[in-house]
Amino acid sequence: MQKLKNLIKRFIKKDSFFYKVIRKIYHILSTLKYKIVNWKKIKQEDKHYSEQVDKAVEILQKYKGKEYVVFYNPTWLGVAASTKGLFKNYVPLEHIHNKKDGEKLAKAIANNNIKSVIFSQICDGWINTLEQIKKLNENIKIKVIWHGNCYEFFSDYTWNLNKEVMDLYKEKKIDCFAFVRSTMYEFYKKVGFKSFYLQNNVHLQDIEKIEKENTGKRKIGIYNADTRELKNIYTALSSIKLVPNSIADVVPINEGAKRFTEILNLETTSISDYIPNEELMKRIQQNEVNIYPTFTENAPMFPLESFEMGVPCLLGNNNDYFVGTKLGEYVILTREDDPIDIKKRIINCIEHKEEIMNLYQDWKKEFDNKCEKLVEEFVKA
Amino acid sequence: MKKYILLYGDKKLEDNICIKNMFENTKKINLGWTDFDESSNMKLLEDMIEKGTKQFIFLGLEIGWDKLIKNIKEKYQDIKVKVICNTQDSLLYYEYERENFFKLLQLSKEKLIDYIAFLKKGQYEVYKELGYKCSYLRQNYILQSNMKKDIKVKNDIIDIGIYPLNYTWDKNIFNQLCIPKFIGNSNLNYNVLDERMKEFLTTMNIKNKEDKLEKIDENSLIDKVVKNDITISCAFTEYFHPLFFISMEQGVPCLIGNTSDLFEDGEELKKYVVTLSEDNPIMNAKNVMKCLENRDKIIELYKEWKQNYNRLAQESIEAFIEK
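Keeping their order, the protein sequence lines are chains A and B. Mapping of the first sequence onto this note's numbering: position 244 corresponds to residue 244, and the numbering continues sequentially without gaps. Each number in this note's numbering corresponds to the 1-based position in the second sequence with 1000 added.
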């Protein structure tokens, strides 16, 4: 199949009409094939989603008469952590594949006299639900937190979803948006949307603190970086290779990256599968430093989690954390695709670890206050 | 200087702009899709050997070129084979890039490739430490005097040119398209690579004019850049920067991402033409304005910098050929 694809790509221009037709037909046929082959699995999934709606309806009773509730998908780990880190009245909710489930949920919101409903990103079927809510009571405010940045419009799914929510705003079915990066907030405000600014935050006081083992090696961590090109895992590995006496801890590590570490002759303690976040938080406490040199972000959770666990984290110059501070000078990378620069920054970070962690503690106090105020403004809007 | 031919393919057209400018003796060869492609490539190379070629320099290790190299080395042990690596760590996420890169390293270990040149200092440092025979090759592009064109005469509208050469993730297209929204009285001229780019600009109400590049080559790019007051090429990651060179050589400032080894830290020109945050349209709109306000100074700084850079680049090319 791959050979056939390559052959087609060789002879047909990517922007030609013919290519687009072939792509569309291919897409339709593969969707159909998936549905036929996986009908049992799909049926089970639908059942699972319906059960999640029932659970959400139950939780909503707890928030009767409240100013707001916020829905988030618990399986989207970053969004889930971010939502729970910011709001109190949160309700886990997965995709809604059945229209009746959406109606059930909308009724529960109206019946519980909830004043505004916040959707932390939009999953399948949520658009229908928000339309149902407005149908039942147009005074209930609908707000959407958009966690992506414009880079993501490269994806068909995200672009189409963005268009849909923009149309819903124009139809007054969505009252306002919140963005977790200032550039997105400013951009959408300029385009003409009622927009608010939020920042992701983490509170991890409950995670057990682990005593760091002294192995005589510099353990450097790379996490949650195997799924997308943007995570820049290969440059991160090269930079660790350049740090003397280093070990890389990569979780999860994919086959390509594993082979790369072999070629680099880089010692690792990596594992192939995802591990629960709590376990990961304990694991990273063994590290000297973590690195997260991604190319684009909004308000990434991992760097904050790392700092909360007492481990500095280098991060790309692509979010609003630490900007304009001394802490930022230590930990914000401006050459994400340069292993030499990242290596120098790792060593500098290790040498100033104590100072960096003190700077972080001060920054975090102010940041917590700022986050609370931003949430308050958004909820009140 | 040993008689060489630089061989390039047609898979990464963008790379060919700088490379054809950097090396005098170049020849396009086929990608080894089929047995026919492979045998015609081999025949071509053998003809070159007969005419006195002593070394082949491949731009990248594209499909089937590993077999070609093995065949050459089997039959002609005295012929040197070198490869300019046209990928980098950030692109290894893709199987095609990764497999070819791993093959390149393997062939080097087996001594079927005599030397590798890296276009990124970081890569060079890593593989030098690992014991590979390699060097750092400075990318370059020098404008021929007869290719100089008249540039746009300044008027009330700020024309901004964004000409990504591929519709791929690394080009950071949509964050760049946002930049004109933060610049008053501007018009965006852009290379339409996908209908979504048009749709995005219309939806976000950004004033624009389609300016499709029909061909990815030097002449076509020159024709585009001279229509603008500034060009923007803030990709996330790059090893060649053809748009930067072409634009600056024509006297049109070009803002690029912090993705090159062109400048030393603290170099004054870098402060104007390199953004430290490729995905931040607000910061980049400010950078654009700073470039426009200091346009003459930037072009003067560029000329000064380029004189020295041309020398360094030429030295690195010559040293690579002589290895």
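Since the hints were made in silico from the structure, they are not lab data. Mixed in with the good hints there might be a few duds.
Stated by the list, open to error - Quick list of the computed label-pair ranges, beta carbon to beta carbon:
| no. | chain 1 | residue 1 | chain 2 | residue 2 | range |
| --- | --- | --- | --- | --- | --- |
| 1 | B | Gly1184 | A | His27 | 40 to 46 Å |
| 2 | B | Leu1312 | A | His27 | 46 to 52 Å |
| 3 | A | Leu77 | B | Glu1024 | 52 to 58 Å |
| 4 | A | Lys353 | B | Glu1267 | 29 to 35 Å |
To be verified - Think about it this way: if two alpha-carbon atoms lie no more than 20 Å apart in a straight line, the pair counts; the simulated SDA-like pairs of lysine to any residue are:
| no. | chain 1 | residue 1 | chain 2 | residue 2 |
| --- | --- | --- | --- | --- |
| 5 | B | Lys1109 | A | Asn265 |
| 6 | B | Lys1286 | A | Ser182 |
| 7 | A | Lys5 | B | Lys1109 |
Stated by the list, open to error - Which residues of chain B face chain A? A partial, calculated answer using Cβ under 10 Å:
| no. | residue |
| --- | --- |
| 8 | Phe1036 |
| 9 | Arg1098 |
| 10 | Leu1143 |
| 11 | Ser1145 |
| 12 | Met1147 |
| 13 | Lys1148 |
| 14 | Tyr1167 |
| 15 | Thr1237 |
For glycine and all other residues, C-beta sits at the position ideal for the given N, C-alpha and C.
Evaluation of the provided hints:
1. Gly1184/B to His27/A: 40 to 46 Å: 41 Å, holds
2. Leu1312/B to His27/A: 46 to 52 Å: 49 Å, holds
3. Leu77/A to Glu1024/B: 52 to 58 Å: Roughly 54 Å apart at Cβ, these two residues keep to the hinted range, so it holds.
4. Lys353/A to Glu1267/B: 29 to 35 Å: 31 Å, holds
5. Lys1109/B to Asn265/A: Given pair Lys1109/B, Asn265/A holds - Cα atoms ~14 Å apart, limit 20 Å.
6. Lys1286/B to Ser182/A: 15 Å, holds
7. Lys5/A to Lys1109/B: 32 Å, violated
8. Phe1036: 13 Å, violated
9. Arg1098: 5 Å, holds
10. Leu1143: Hint violated; Leu1143/B Cβ to chain A Cβ min 27 Å, cut 10 Å.
11. Ser1145: Not OK, violated: Ser1145/B not within 10 Å of chain A, min 34 Å.
12. Met1147: 27 Å, violated
13. Lys1148: At 31 Å from the nearest chain A Cβ, Lys1148/B fails the 10 Å test, so the hint is violated.
14. Tyr1167: Because about 8 Å separates Tyr1167/B from the closest Cβ in chain A, which is inside the 10 Å limit, the hint holds.
15. Thr1237: 4 Å, holds
This entry does not satisfy hints 7, 8, 10, 11, 12 and 13, going by the numbered hints stated previously.
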